[in-house]
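Taken in sequence, the protein lines are chains A and B.
For the first sequence, the UniProt record's numbering begins at 1 and goes up steadily by one.
For the second sequence, the UniProt record's numbering begins at 1 and goes up steadily by one.
These are calculated hints, taken from the structure and not from any lab test.
Any given hint might turn out to be false.
Copies of the same chain are indistinguishable here, so a pair counts whether it falls within one copy or spans any two.
Here are the computed lysine-lysine pairs in the BS3-like style, where the Cα-Cα straight-line distance is at most 25 Å [unchecked claim]:
#1 Lys43 / Lys375
#2 Lys312 / Lys239
#3 Lys308 / Lys238
#4 Lys229 / Lys323
#5 Lys308 / Lys323
#6 Lys7 / Lys195
#7 Lys68 / Lys323
#8 Lys327 / Lys229
#9 Lys308 / Lys208
#10 Lys323 / Lys256
#11 Lys388 / Lys256
#12 Lys386 / Lys256
#13 Lys215 / Lys13
#14 Lys388 / Lys222
#15 Lys229 / Lys388
#16 Lys308 / Lys106
#17 Lys308 / Lys362
#18 Lys353 / Lys230
Number of protein chains: 2
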Amino acid sequence: MDIDILKVSERLKLDEVDIKKAFERKIISFDMYHNKKYLLFKKKLRHIERGTVLFLNNNMDIVMGYPKIRRAMMLYPTLKNYFINKIVVEEKLDGYNVRITKIDNKVMAITRGGRICPFTTKKALKFLNVNILDDYPNLMLCGEMIGLNNPYVPHYYPEVNNILIKSDKNNNKKTKIIENLGFYIFDVRYRETNKPLSISEKEELLQKYELPYVKPIGIFNKEDIEHIKKIILTLNDKKREGVVLKDPDMIINPIKYTTHYTQCNDLSVAFRYMYDLGIDFMFSRLVREGYQSFEFNEDEKEMEKRAKNIGKSILYPMVNSIKNISKGELITEDFEIYLDSEEDLNEFLDYLKKLHIAFVVKENQKFENGMHKVKIGRIYNSTNDKIKSHLDGNLW
Amino acid sequence: MDIDILKVSERLKLDEVDIKKAFERKIISFDMYHNKKYLLFKKKLRHIERGTVLFLNNNMDIVMGYPKIRRAMMLYPTLKNYFINKIVVEEKLDGYNVRITKIDNKVMAITRGGRICPFTTKKALKFLNVNILDDYPNLMLCGEMIGLNNPYVPHYYPEVNNILIKSDKNNNKKTKIIENLGFYIFDVRYRETNKPLSISEKEELLQKYELPYVKPIGIFNKEDIEHIKKIILTLNDKKREGVVLKDPDMIINPIKYTTHYTQCNDLSVAFRYMYDLGIDFMFSRLVREGYQSFEFNEDEKEMEKRAKNIGKSILYPMVNSIKNISKGELITEDFEIYLDSEEDLNEFLDYLKKLHIAFVVKENQKFENGMHKVKIGRIYNSTNDKIKSHLDGNLW
Chain A
1 MDIDILKVSE
11 RLKLDEVDIK
21 KAFERKIISF
31 DMYHNKKYLL
41 FKKKLRHIER
51 GTVLFLNNNM
61 DIVMGYPKIR
71 RAMMLYPTLK
81 NYFINKIVVE
91 EKLDGYNVRI
101 TKIDNKVMAI
111 TRGGRICPFT
121 TKKALKFLNV
131 NILDDYPNLM
141 LCGEMIGLNN
151 PYVPHYYPEV
161 NNILIKSDKN
171 NNKKTKIIEN
181 LGFYIFDVRY
191 RETNKPLSIS
201 EKEELLQKYE
211 LPYVKPIGIF
221 NKEDIEHIKK
231 IILTLNDKKR
241 EGVVLKDPDM
251 IINPIKYTTH
261 YTQCNDLSVA
271 FRYMYDLGID
281 FMFSRLVREG
291 YQSFEFNEDE
301 KEMEKRAKNI
311 GKSILYPMVN
321 SIKNISKGEL
331 ITEDFEIYLD
341 SEEDLNEFLD
351 YLKKLHIAFV
361 VKENQKFENG
371 MHKVKIGRIY
381 NSTNDKIKSH
391 LDGNLW
Chain B
1 MDIDILKVSE
11 RLKLDEVDIK
21 KAFERKIISF
31 DMYHNKKYLL
41 FKKKLRHIER
51 GTVLFLNNNM
61 DIVMGYPKIR
71 RAMMLYPTLK
81 NYFINKIVVE
91 EKLDGYNVRI
101 TKIDNKVMAI
111 TRGGRICPFT
121 TKKALKFLNV
131 NILDDYPNLM
141 LCGEMIGLNN
151 PYVPHYYPEV
161 NNILIKSDKN
171 NNKKTKIIEN
181 LGFYIFDVRY
191 RETNKPLSIS
201 EKEELLQKYE
211 LPYVKPIGIF
221 NKEDIEHIKK
231 IILTLNDKKR
241 EGVVLKDPDM
251 IINPIKYTTH
261 YTQCNDLSVA
271 FRYMYDLGID
281 FMFSRLVREG
291 YQSFEFNEDE
301 KEMEKRAKNI
311 GKSILYPMVN
321 SIKNISKGEL
331 ITEDFEIYLD
341 SEEDLNEFLD
351 YLKKLHIAFV
361 VKENQKFENG
371 MHKVKIGRIY
381 NSTNDKIKSH
391 LDGNLW
């Protein structure tokens, strides 16, 4: 392709030499979605966030990458030091980060990494009244796609059940087909600058357009750590991920804090695919547990319970994977998604191939309205190969 | 210093260019012990093992590094595939690997990494009848220094209590001074080639010189995994490290296998100094637990017990370190050693400084016979600094 480096340089305020080097090092990639050509940033480069998209259209439209949200290891004194006065507590949902924008009259859903995802784009168009983007073309809707029926972070949320088919005559059954999938906006930002609306501006605007958003759990004084701790414990009991803490005016970046439940859940995923998921990933979850147990001032009994949960989250999925491989099975991470047509299915599978994701289609059920329910298994090659090798008697 | 690269090259059968590069990359270092100059290999280079020492004397004497012992993740089918016929099972002791040699009429103890350690050298001379090295100057005694009173791997072994002083009049007490330290030989090898004696040759020779060595637990057919599993379980109950499995003729390299107890003990050390001990170290211990639980065909109750032990080994030392830092304490790994004189003490402290090990001398008790009991705390800087930073409210 023919990319005008000078124009890119001027538009992004990046040095031409930096851009050329970034191309060579594959920090910047070229991609296309429905004839729309774009550049994407796979890593942060100077002031350009990871996941930033630059459309190669006349305007050279920019959609900035969603900024990294840093983590408090200790609530106290971190919140007191970090925030100005009040803290808005929002629930952190366990799905995947998406930015919705409209460019050249087309609504698109961009993943954290900067890809326009065909699955997410189509679902977003169903869930959202996107008129807002006609009225405010410079805004992007930043939110979390959650639920069991997505291809990235399948995690059940009871509040996002959609009835797709009331009954399916084809199967001669009266089974309801329910999709567990939903989208909640957490930030509204100017897509070129990443400047966010304040919490109140955001709520007002999203209410006006009847858009689903993450409703604040509460607003607290930055010294009121005990209240926030209680929220964490309640969310943990409900098996929810955690919180994002925000300045009401969004003057400073939000920070995050997660529950024991989430740490253990992350660990069990990591140890199911033990040779594929990074060991940094595992270590960081364990360390969080240390600070949380300390900060929550746990007694012997509470610590023992936490330790047991940690140990189980590590050992059980690992032994399970070894057992499965020993039976000759293939270890995959399975997800079931609903697609409107065979065309949509093929488009999504092509997208996965483009991302070099190894997968198998395990089930493909077609309904009479043309809809497909597809079970896709993502293959973790290192885990499969290395466990097999050790079971065959190869040394470490 | 003046090193004749050509001579080194001829002696070690290494390319001159490789040697020059290795110097530049600090794979080869220069060191000195009591006027004996030597080169040491910090990493394996071609056929030269890590820890190899080349003395810069007239003979250019070589002491090869102790070879890496690989690990069986699964006893079955690894042992059946790997061994020829019989397997000699020896206990693996949890101390530090030492090679004892005599060069230019001087007995020296070399650590795994290839340093002549003054502490270990002096203790070896006390524990061992080194006449063997006069009669067989080309042999080296490879063994494990174990016990609580050593500066590297302080781990109590009931069988190595030495009475140093029966009573100390200086203190007006009748307390016995007991040092927990001992040395057990596991291999006798030719120091230039690393060629080992067979198990029977080794036993015969060491018995003749009345030298302490690791006595085989038993000799088994390579198919007799069940017997070896029982040994592992017994060692685990006794809180011992594991086994080294050897071919009786030492035709093939030994391999190792460790107990649940040791995995958990390693984890608790790693998480006490959580930001200093490598996360690869932690991960490898966890993975071993997965294979062991699977191979030992554990039921729900046994798995739960193992999981709880793993979780406790991770969480408890980590919370303990955070607590200690929160009280303003310094986290150190403490060891107590006995030295014969102030001169010996200073020599050892200089040795630690040379290795760039950060430490504090916490206690120094002098006895009337000139002996010193010293408590040294090794400082783990990253763990101290990072925990302090998070407690102060800094973000991840």
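Any of the earlier hints contradicted here, and which numbers?
-> 1, 7, 9, 13, 16, 17, 18
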